[in-house]
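Participant: Chains as they are written, first to last, in the numbering used here: chain A, 2 to 370; chain B, 2 to 370.
Hint data in this document are derived by calculation from the structure and do not stem from the laboratory. Hints are not guaranteed to be accurate.
A pair holds if it fits inside one copy or across any two, identical chains being indistinguishable in the list.
[What the hints assert, rightly or not] Here are the simulated DSSO-like cross-link-like pairs (lysine-lysine), alpha carbons at most 27 Å apart as the crow flies:
#1 198 x 310
#2 245 x 366
#3 290 x 198
#4 362 x 245
#5 245 x 290
#6 290 x 305
#7 290 x 250
#8 83 x 198
#9 145 x 160
#10 305 x 209
There are 2 protein chains.
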Amino acid sequence: MANRRDFLQILSLGAGLTALSRATSARAGVLSSLPKSDRQLRVALMGLGSYATRVAEAMESCQRAKLVGIVTGTPAKAEAWKKKYNIPDKNIYNYQTVSQLKNNPDIDAVYIITPNSLHHQHVMQVAAAGKHVICEKPLADTAKQAQEMITACEKAGMKLYVGYRLHFEPHTREVIRMREAGELGTILFVDNTCGFKIGDPTQWRLKKALAGGGALMDVGIYAINGARYGTGEEPLWVTAQEIKTDPVKFAEVDETITFQMGFPGGAIATCSTTYNFNNLGRLYVVGEKGFAELDPAFGYGPIKGRTHKGPLNQPVITHQTAQMDGLAECILDNKPDPNMTGHEALRDMKVIDAIYESIRKGGQKIMIG
Amino acid sequence: MANRRDFLQILSLGAGLTALSRATSARAGVLSSLPKSDRQLRVALMGLGSYATRVAEAMESCQRAKLVGIVTGTPAKAEAWKKKYNIPDKNIYNYQTVSQLKNNPDIDAVYIITPNSLHHQHVMQVAAAGKHVICEKPLADTAKQAQEMITACEKAGMKLYVGYRLHFEPHTREVIRMREAGELGTILFVDNTCGFKIGDPTQWRLKKALAGGGALMDVGIYAINGARYGTGEEPLWVTAQEIKTDPVKFAEVDETITFQMGFPGGAIATCSTTYNFNNLGRLYVVGEKGFAELDPAFGYGPIKGRTHKGPLNQPVITHQTAQMDGLAECILDNKPDPNMTGHEALRDMKVIDAIYESIRKGGQKIMIG
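Model the full assembly from the supplied sequences, consistent with the hints where possible.
Facilitator: What follows is the structure, encoded as structure tokens:
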């Protein structure tokens, strides 16, 4: 069985390792249009699971972001990371000492990669400690939580970004560019899917108290975010259906959800997400003038795609390298919003709230506030 | 604007014309395993619209089927077809003389290609005249009608097939073969879409009295049939949502419908159909062991596809040639059921009934009888 670490890699249908080797040159391509400064964003990673490992490795190729600190509840991990990344003792925290970050002038931002349901608490703590926040998706369990986190960061004067790494991914950016340039015409239809077969039945992703929800929260959010950047609009309404074929494994969280959204310009999105099977990670956007398809669309790469004009041949990059360099420029140089702010994440959370509400109400159409 | 004649051709993303030129050799490939006899099925076409024109042209390459008669209400068409296809006067009928087919020993079968809502009446008439029936899809407006048509043909001792041409299409057959051989593993998910942007707002397809319904009846049925041959199972339930962005053009029939189905083996299908945009014609089947994708899946060809093993490179054929040769063998040589019988169509009609019922009931889950 594939575990989650493998999942987005599986979606790439191989060749994922090439992304790393091509990262440096490709990243230069993505960021070449942006002005450079010498300052680096000094980042602490909070939550040293498999994704944090991936981020740390990707950050070794960063130009504008640098891993300088960690927050972990596991002393053995602290020791290992300290050695591997040459992290000074004064930049090593645990979950009881997070508030002390405020006394550390050598850390600019904390990247929160803890289990999803802990994001709310951790963002509030990091904001209170006066550090900028990068938080993995989903930002929160609910829109209400997300709003509280945004407000807390704003009050603290700290920036809040969410790890929607695809907004720095060249194929994704090209689809957005084409749509914005009108090359697809008025968008009429989106068919997005994202899911994988979850492995270890004891993992936190299957516990509601840690995960907030199931496939929808974890990876269905890619389909939602993709429908929003595929249309460039906010959905007006949603209908949704939940299917559970394994009520034991998925006793606490959703297994498979299908949902539909309506957009102001007339576009309809139909989306599916699951923890029950692989080979599900496609973005498909149809406009009056053409289409764009990314498949795999949401994995760690390589992203592949085509449009009505032919194959999309964009640079293959390491998403996390590009994201961290890109967000460093947003934070340090006040670069424009890359559609990865807390406000963007709040919009996804409103959709997630509405999807769960529609399911509770038997598939009823829910207007999104 | 594309008209419907262009639609399935558009889905092919070009190269459609090559299908004709390759038809003979490819057809031989499809049928080579079947024993041959010299008898030809002598066919009359009823309803000489654009699709009948396509069928007639395709039949010029047939080995086992021959166009020998026509039924048309338009004298000018009768004259033109008589000349083009050398049809004897005694084999030319209009809608008032259909019953006289029973006195014509030179016609074995009638292929009914009239507007959808007329299929019921015409199948009943042809069966009563003692001729085998091939009827375009959808077989009927409702499952009740379809059952009546099946019963009438059975009582008359006549065979009833429906123009589900893809069951003779090599890429489609290969996907079915892989699924039956277990190469995809247990099927868990299907994502099928079929639609096109309808042109002329005055055409019969937009009139409920002639069309029975809209996109769902006309092309959504491909997504339904594809979910059935993709899983090899009959759906247990359906949920459905209708979206209408142009209530004037689509005053009488459905414009866009999304629907979901659940299957006994645990598979879920999510499908979409529309009359409102192009670039929608994909079959996607995910099993525990792999996937199969056809895109374009439902047009007149060339059908293209891939699986987890790589590209599907099957012969490109003219679907209508293969269908008519294949059905000739079913009728004349009692070849096994090619999943194109009235009973097969009845199962699709039960799903269509349930989809419309779910829409009427606000997306409620409808069990399929």
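Participant: Next step is simple, just say for each hint if it's right about the structure.
Facilitator: Evaluation of the provided hints:
1. 198 x 310: Classified as between; 19 Å across copies, 33 Å inside a copy.
2. 245 x 366: For residue 245 and residue 366, the Cα distance is within 27 Å both inside one copy (21 Å) and across copies (14 Å).
3. 290 x 198: between (35 Å within a copy, 11 Å between copies)
4. 362 x 245: both (16 Å within a copy, 22 Å between copies)
5. 245 x 290: Result: close only across copies, 20 Å inter versus 38 Å intra.
6. 290 x 305: For residue 290 and residue 305, both the intra-copy (21 Å) and inter-copy (22 Å) Cα distances are at most 27 Å.
7. 290 x 250: between (44 Å within a copy, 20 Å between copies)
8. 83 x 198: neither (33 Å within a copy, 60 Å between copies)
9. 145 x 160: Within one copy only: 19 Å inside a chain, 62 Å across chains, cut-off 27 Å.
10. 305 x 209: The answer is neither: 33 Å in one copy and 42 Å across copies each exceed 27 Å.
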